[in-house]
Amino acid sequence: MDHASQRAVLLRSAAELFCRSYRVHQYLEKVAPAVGTEYAPLAKTLAEALTEARSNIDTLSHRSGLPEGEFNRQLLDLLGRYASAFANIHETLIYLPSAGVRPEAIGLLKATFGKHYQAVDPSIILGSAFNAFHFDFSKTLGRVLPDLKKIRLPDQKNTVLQNPICDWQSPIGWAVLAHEMGHAIDRIYELSRQVARELSIDGASPQYDWLREFCADILASEMIGPAAILAIVSIEYTLYPLRRIHKPSERTDKRPSHPTTLWRLRVVAEHLAAKYSIDYLGDTLDRYEDAWNASLERFETPENQDIMRHVDSLQYAICAKRFSEAIRKRLTSELTNPHLIAEASVERCLQRLRRGDPIGAQGRPREELQKLITEYREKYEGSSRQGPEKIQAFEKLVAEFREAPLGLQTLLFCCALRRDELIREAVDRSSSADFPIRFENLNESLTVLDSRAVSSLTGNLTQRTL
Amino acid sequence: MATVPSNQTPILGTLLSDLEILDRITRIDNDSCIFITPLIDPDVQLGPSSLDVRLSTKLEVPVTLDVTHIDLAVRRQADSVKARVERNFQSRAIEPEGRFVLHPGEFSLGSTLEFIRLPCDIAARLEGRSSIARLGLEVHSTAGFVDPGYEGELTFELKNVGRLPVVLRPGLRVAQLCFFRLSNVERPYNSKPHQKYGGSVGPRRSGIDKDPELSQ
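Protein sequences, first through last, are from chains H and Y. Quick note, our numbering runs 34 ahead of the 1-based positions in the first sequence. Quick note, our numbering runs 94 ahead of the 1-based positions in the second sequence.
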């Protein structure tokens with residue numbers, strides 16, 4: 035991979051990291067003062083720590099004349115430290131009162147998961163770990179309070195879904211909760227267990243962990259569309275400098291093994307293509323493959339790289355592809371959601387978002403409505419008679435202006451696409467010298483996009499209740 | 095005021111009729127289009143020369159526990175004024191299917207469900223709906239005028255001046271917009287220095303601290 039391509043991957047990661055840090059700054063400005071002056075010094079300290087952690091990256095951009103390879107090496111090193119600082123500072127947000135999940139996030143899951151949401155009945159919280167989780171709270175409590183099991187009510191539901199605090203105002207970030215809901219639904223319907231029995235997968239093996247992740251991803255993509263996996267990719271890019279994304283993660287006491295995000299992206303892309311004959315994720319896959327290759331080249335010798343590419347390809351065919359086909363066969367109508375993401379609709383939504391307009395509802399195209407107005411005018415304008423015919427014709431015209439709520443899969447997908455567009459534009463235009471400034475401007479654009487996404491979702495969900 | 099067909103030279107300050115409002119909504123040229131979304135029920139919302147707008151889910155509720163006053167008589171104390179304004183309000187979000195109560199004498203900031211963008215030759219006026227006003231609910235005291243070039247959700251200054259609590263819900267039609275055509279302004283709202291509320295999503299607290307008189 036050439037230096038320019040390597041740099042593009044690193045700048046993509048930097049853009050995500052800068053964005054999330056900016057959100058933490060906004061959180062500190064908003065939450066701490068709102069609660070009381072007693073949190074102000076803490077918030078100030080955290081904000082300063084975050085700014086300080088970034089300052090070395092800004093310094094790098096001032097060093098002109100560095101060879102490309104050396105720039106990339108230094109940038110990776112500094113991004114690694116910044117990502118580590120960011121993740122640790124994010125964890126310390128636990129010391130501040132939480133803003134609480136926005137009702138729109140809950141409304142989004144209710145509207146997309148329907149009866150499954152009622153069946154799971156989760157508590158949704160903002161957490162200080164920079165990740166999304168789902169867990170059974172009673173089990174977690176039971177580990178520290180063993181006697182609790184004796185008094186636990188038999189029908190008690192304790193599913194908790196956690197979203198990272200920094201994404202509290204970003205509907206595009208909320209989409210990751212769909213993956214966690216996918217896990218909760220899988221537990222109820224035992225989809226992964228059935229597939230494991232069918233394919234003789236050992237329940238104690240990492241492959242079983244991977245199967246469960248693919249189940250959750252596929253279920254999320256059915257309910258909320260491609261936005262769920264795109265939210266996961268965004269989190270991966272943020273911590274990219276700290277991870278070896280070319281390998282599955284290790285299993286730990288607290289966390290099962292996860293397949294590579296590249297596999298997960300491919301699985302979801304192939305699932306949506308197989309079921310709905312649409313390619314939503316081609317571009318994202320291509321660029322994430324670059325990131326995967328860059329990681330491989332960074333950590334493995336040239337001899338190992340070829341071997342690992344070959345092994346990865348084989349493992350994908352034997353595990354991921356086979357598992358996802360088995361999952362797809364077992365998806366009943368209860369676990370699927372017809373995808374109504376039409377290409378023409380996506381293009382209209384993107385045009386609106388590029389203008390800074392929300393996209394919660396969509397009606398007939400303006401050109402068509404203009405035609406109807408012209409026809410009405412030709413027939414009735416200038417006529418002073420307000421007869422029933424004219425009034426009926428006008429009412430018919432007015433009714434054509436009604437906007438219907440946009441499908442939530444489309445809404446989130448288009449917002450995610452626009453986010454990706456903005457980041458790509460900023461990365462493509464950035465040089466070694468000016469990327470920090472460009473990414474500050476990018477942060478403002480992404481903040482506006484998030485606010486338009488919230489406006490879209492609020493309008494959409496409210497309209498559904500009327 | 096007489097309405098003017100779209101192919102004639104615009105007259106200063108002409109109130110747009112129902113058909114003219116629809117025409118402006120469908121303009122292909124974004125610079126002359128009145129953008130408003132979501133348009134949920136145009137046959138109910140569109141009046142002869144106005145368009146009803148609805149209440150959103152977000153509120154800013156005054157909290158007076160530990161703020162003694164807001165002093166607008168000081169100069170060069172913008173930070174202090176801003177801090178007091180911030181402490182004086184608390185953000186609340188109502189679920190889309192939820193409700194909230196405005197008791198007699200109570201005041202809150204709300205916002206339109208609709209996101210609006212006005213071109214440079216259109217101004218708007220926000221008025222309460224008379225059916226709502228006759229129950230004692232005011233939606234604005236002074237902030238009724240919307241400048242050409244404004245974009246965002248409009249803020250309501252909700253006040254119950256009646257004798258009974260009023261229960262409100264997101265999606266309720268509480269106000270109406272009238273649109274006025276004028277000659278193109280030289281400095282639309284979004285280009286104005288010290289502009290405070292452009293691009294708003296949700297109700298905006300007072301930006302009085304940005305007034306030049308307080309910051310200079």
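These are computed hints drawn from the structure, not numbers from a lab. Every value quoted in this text rests on a predicted model; they were computed, and no experiment measured them. Where a beta carbon is used, it is the ideal one built from N, C-alpha and C, also for glycine. Hints may contain errors.
In silico contact screen, one side only, chain Y against chain H (beta carbon under 8 angstroms); selected entries [claimed, not checked]:
id : residue
1  : L116
2  : P132
3  : L140
4  : V195
5  : E200
6  : G222
7  : G230
8  : E232
9  : E251
10 : G265
11 : V295
Status of each hint after checking the structure:
Hint status for L116/Y relative to chain H: holds, with the closest Cβ pair at about 6 angstroms, below 8 angstroms. With a least beta-carbon distance of about 3 angstroms to chain H, the hint placing P132/Y at the interface is held under the 8 angstroms criterion. Evaluation of the L140/Y hint against chain H yields a held restraint, the C-beta minimum of about 6 angstroms falling below 8 angstroms. Here the hint on V195/Y is broken, as its CB sits about 17 angstroms from the closest CB of chain H, past 8 angstroms.
Annotation: interface hint on E200/Y violated; nearest CB of chain H at approximately 20 angstroms, more than 8 angstroms. Interface hint status for G222/Y: violated, as the beta-carbon distance to the closest one in chain H is roughly 20 angstroms, over 8 angstroms. For G230/Y, the interface hint is violated, the least distance from its beta-carbon to any beta-carbon of chain H being 24 angstroms, above 8 angstroms. For E232/Y, the suggested interface contact is broken, since its CB lies about 22 angstroms from the closest CB of chain H, more than 8 angstroms.
Hint on E251/Y is violated. Least Cβ distance to chain H is approximately 20 angstroms, over the 8 angstroms limit. The closest approach between the C-beta of G265/Y and any C-beta of chain H is roughly 5 angstroms, which is under the 8 angstroms cut-off, so the hint is satisfied. A distance limit of 8 angstroms between C-beta atoms decides the matter here; for V295/Y the minimum to chain H is near 4 angstroms, and the interface restraint holds.
Hint compliance for this structure: hints 4, 5, 6, 7, 8, 9 are broken, all remaining hints hold.
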